[in-house]
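Q: Sequence:
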Amino acid sequence: MKKGILLIIVIVFISCSNLKKNASTSKKQINTTVAESTIFTCPQDGSCKIEMIKNKNLLIRKDDLNGIYYQTKDDERFSIIKFTYTKGTPVNIQDANYSEEVIFQIQNDISELNLTDSELQNSKILFGKHCFCKDEAGYYAIEKGNLNFHRKNNCNTLKLKFQVNTTSQKITTINAVF
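Take the sequence shown: its letters are residues 37 to 214, numbered as in this note's numbering.
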């Protein structure tokens, strides 16, 4: 009986230490910068944030129903910029969460990037809408707009004006310094 209890305690201890090890390992692998940032175009009814995920490649995939999703892969040549708008919602209402995001990839060695309509179609840039809204939630390719990105002395400036024709959107312009 004592051996059984001792065995259970040892198993629990080993599995807990592995969980801690995995958690610390996953934290080390994510290299995200959300440094001092100023976002000039955030709706007043929510909050916005911008983050740069360094040394990651953006892989855009399609599922069996032709829906778009993305994955990331370690790659020292690229970084991912992710802008997220989260609408403020009352705590007592279920299924009222609403957020939009724009995610795109840049090369680490560039200091300037200027893309317009047709160039956006050939780049890795997505608009995501996350809500309890039938037939609208999901990721969409951004095919129309202007993207200007400048990097100087570790200061990044992003100006993006875009339109997604296949769904409604609250965010159409992003002006940020980070």
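Calculated directly from the structure, the hints in this document are not laboratory data.
Check the hints yourself; a few may be wrong.
[To be verified] With a cut-off of at most 30 angstroms between alpha-carbon atoms, the simulated DSSO-like pairs for lysine-lysine come out as follows:
1) K160 <-> K109
2) K123 <-> K85
3) K165 <-> K197
4) K165 <-> K98
5) K123 <-> K197
6) K109 <-> K85
7) K90 <-> K170
Q: Each of the hints needs a verdict: does it hold here or not?
A: We went through each hint and held it up to the structure:
1. K160 <-> K109: Judged against 30 angstroms, a Cα distance of about 14 angstroms means the pair holds.
2. K123 <-> K85: holds (12 angstroms)
3. K165 <-> K197: Judged against 30 angstroms, a Cα distance of about 17 angstroms means the pair holds.
4. K165 <-> K98: At roughly 16 angstroms apart (the allowed maximum being 30 angstroms), K98 and K165 satisfy the hint.
5. K123 <-> K197: holds (20 angstroms)
6. K109 <-> K85: Since the Cα atoms of K109 and K85 sit roughly 22 angstroms apart, the hinted pair holds (cutoff 30 angstroms).
7. K90 <-> K170: violated (34 angstroms)
Against the hints set out earlier in the document, a violation occurs for number 7 only.
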